[in-house]
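Student: As they're listed, the protein sequences go chains A and B. Anchor point for the first sequence: position 132 equals 132 in our numbering, and the numbering is continuous, going up by one each time. Anchor point for the second sequence: position 121 equals 1121 in our numbering, and the numbering is continuous, going up by one each time.
Just to be clear, a hint being listed does not mean it is correct.
Using 16 Å as the maximum straight-line C-alpha spacing, the simulated EDC-like pairs for lysine to aspartate or glutamate come out as follows [unchecked claim]:
(1) K200(A) to D290(A)
(2) K200(A) to D150(A)
(3) K83(A) to E1262(B)
(4) K155(A) to D1058(B)
Everything labelled a hint here was simulated from the structure, so no lab data went into it.
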Amino acid sequence: MVAFRSLRPVRLAGAAALCATLALSACTKSEDTGGGGGSTPGTGGAQVAQTGAADGPTCDLEQYGAEELDLSNAVVGFSQSEKEANPFRIAETESIKAEAAAVGVKNLLTTNANSQLNKQISDIQDMINKGAQALIVAPLNSDGLEPALDAARAKNIPVITVDRKLNAEPCQDYVSFLGSDFVEQGKRAAQEMAEALGNKGKVAILLGTSGNNVTTDRTNGFVDEMAKIAPDVEIIAQQTGEFARDKGQQVMEQIIQAQPDINGVYAENDEMALGALVALRSAGKVPGQDVQVVSVDGTRGAVQKVVDGEMYAVVESNPRFGPLAFETLQTFLSGEPVQQDIVISDKLYTKENAADEVGNAY
Amino acid sequence: MTTTQQPTTLDPDESVSSNTMTRAERLAGLVQRRGSIVVLALVVLIASVSFDAFPTIDNAQNIAIQSSFLAIVALGMTFVIISGGIDLSVGSVYALGGVLAAYGIQFGSLVGLLLPLVVCGAIGLLNGVLVAYGRLAPFIVTLATLLGARGLLLAITDEGSTTRLMDREDWLTQLGQGTFLGLGIPVWITIGLFAVGVVVLQRTRFGHSTLAIGGSREAAALMGLPVARNTMLLYVGSGMLAGLAGALAAAYSASGVTIVGEGLELDAIAAVVIGGTLLTGGAGTVGGTLAGVLLLRVIQNVINQVGTLSSHYQSVVSGAFLAVVVAVQSYLSRAHLRGGKR
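One chain only, chain A, in its complex shape (with noise of 0.2 Å):
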C-alpha cells in the first residue's frame, strides 16, 4: 500500500512532463526563430491584386443577399487560423488590424484558432453571435468550416477569405478570396532556380507540410515548370522541412549526406530555407557559390540573405491582406460587384532589388 502511494507523484510528474514536451514541440514546428521582424509592415509592401484576374466571375448583394452597409458603424471579425508565431502570420494579423484601424471600423473582433479546427469553427460562430456584421477568415483548412459558413450564411453575413482557398461556392457560401497563386510562385521559382544553375544541375526540394494545398501547389508549379523549360535540371530528393527552420536544416543535412553533389535547393519556405542555409554551411558548402538556394515567401531574413547573396532569390507571397480586403469588403458592402477570386501580384526579391526591397520584406 505505502509503495503504491509512493509511485503516484512520479506518475504526476511524468504527465508533467509529458505535457510539457508534446507543448514544446508543437510550438517549435512553427516557431519563428528571430530575423523576422515582421512586427512593422512597411508601408511600401501592401498588396496588389492582378490586373489579369479582372474578368472572372462576380459577386455582388443582391446576389448574395446581404445588405448595404458603412465600414465606420460597423463591427468586422477577424478569424485567423494559426497562432502568430511566424512572420507570415504575423505580418497578416497586424495587417489586418492596421487597417480596420485607419478605415475607421467601428469594432473589430479577432480571434485565433491556434491550428485547431473545431476552435475556428467556435471562433467564428462566437463572433456572429457578438454581432460581427461582416468577416474575414484565413481558414485552417480547405475543408470542414461548413458549421460556421452555415452560422455566417443564416444571418447573411459576407465572408471575405484570405490566403487559404476554400472548397465551397463563392457568391454562396463566401464573398471572395483573395490570395496568391501558388501554383505561380512555384513556376516562378524554378524559373529562377534554371536561371541560376545555367539550365543543369540536381536540385533538391525541401516540401512543406503534408496535406495542405499551399505545398502540393508550389511542388507542383516547381516541378512541372522544371520539366517544361530545364529538361535537365535533376529532381533527386523531395523531403518535407514541415514549414519550420529547425526541421529544414535536419532534413537539409540528411539530404547532403545522401547526395553530396547537390547544386540546388527549392525551400517552400523562407524559414525552412534559412535552416538549410544554415546546414549547407556546416556541411562545407558555400551557399550562393557551390550550392544555390530559392524559396518562397520574402520574409525579411531571407530578403537579407539575397542581399547578402547567400539566397539567388525569394519568391514573394505577400501576408498584408488588410488593404485588399477591407477595400473589397467596402466595395461589395456598398453594393458594387467585387471579383469572386483575387489573385494577388507576387513580388520576386533577386540581388538586383533585394537591397532597396528588403525595407518591405515582413
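Mind docking chain B on chain A? Use the hints.
Tutor: Positioned in the frame of chain A, the structure of chain B alone reads:
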C-alpha cells in the same frame, strides 16, 4: 455522483464511518466533488452580467454543440483516470474516427458509423490488453497508439492530403448537423451518454470495480474483482467514445478533416481533472467532467466575447484553472489523510 466514498469503505484500514468525519472533512469532500460546478455557475453568472451577447439562446446552443465532442471523449477518459490509468491516444483516435466515418459513408451510412466504432474500439482493445494483461504503463502504451493511430490516418488519406466529404442529405451527416428541440443531435447524444455514464459508475458492479481498482489495484484483486477484464474494457470504451466523437464531429462539419484532434487528449485530461476526478485514481464523478468541459468552453467563449483579447489568454486562463484545481485537490486529499487517518 457521490460514489467517491465507495472504494474507501472496501479497504479494512480505511473503514471510517461517515459520522466520525468532521465537518471540515465533509466540506473538503464536497468542494472536491462539486467545486467545478460551483465555479462554472459563477463564471456563467459573471459573464451573463458582463456581456450582452453571452446569455442568449444562440450562444447557449453554440456552447452546447461545441462542447459535445470533447465531452464524449472526456467521458471515456473519466473512467480511465478513475481506474488510475490514462489514455493519451484519444486525440489521434478522434481524428481517425472522423476520417473513417467520411471514408466509410461511401459504402453506406451504417458502415460510416460502425467503421470508426470498430476500428477505434480495436485500438482501445490493444491499449486495454497491453495495460491490463501485459501490465505495461498506460502512459507509454497509449502514447504508442497515439502515434500509431495518427500514422494510420495519414496512410488512408494520402499523407493527409485527401479530405473526403460527407453528403449533407445522409442520415449520418444529419446525426452531426441536425437539431432536435433547438439543440444539436450531438448534444442529445452527449446528454444520453453522460446519463448512462452516471448510472454505470454509481449503480453497476463495473463502476464500483473501476473505483476500487483506482483506489488500490492490489486490494481490488484480493477482493476477487475482475481487475484485468475491467481495466481492459475501460480502454475499449475510451477508444470507442473517442471514435464516436470524431465521427460526430466529422458529420457536423460534413468532412473527414485530417488535421483535427492534436492535443485533444490534453484538453480531455484537463476537463476531467478540473471536474474533480483525482489524477491518481480512485475518486471522481461523471457530472464533474461535464462541468469541466463546459468550463473550458465557456472560458473560450468569454475571451471571444471580449473580442479584442488575444486568444493566447485562453490557454493562460485554462492553465491557471488547472493549476488551482490540482493544488486544491492535493491539499484536500492531504487534509483527508491527516483528518481521517487514511
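Student: CA of K200(A) to CA of D290(A), is that 16 Å or under?
Tutor: 14 Å, holds
Student: Between K155(A) and D1058(B), does the CA-CA distance stay at or below 16 Å?
Tutor: This hinted pair holds, its Cα atoms lying about 12 Å apart.
Student: K83(A) and E1262(B): Cα distance at most 16 Å?
Tutor: 14 Å, holds
Student: Compare the distance between the alpha carbons of K200(A) and D150(A) with 16 Å, and conclude whether the hinted pair is satisfied.
Tutor: With a Cα-Cα distance of about 51 Å, the restraint between K200(A) and D150(A) is violated, given a limit of 16 Å.
Against the hints set out earlier in the document, a violation occurs for number 2 only.
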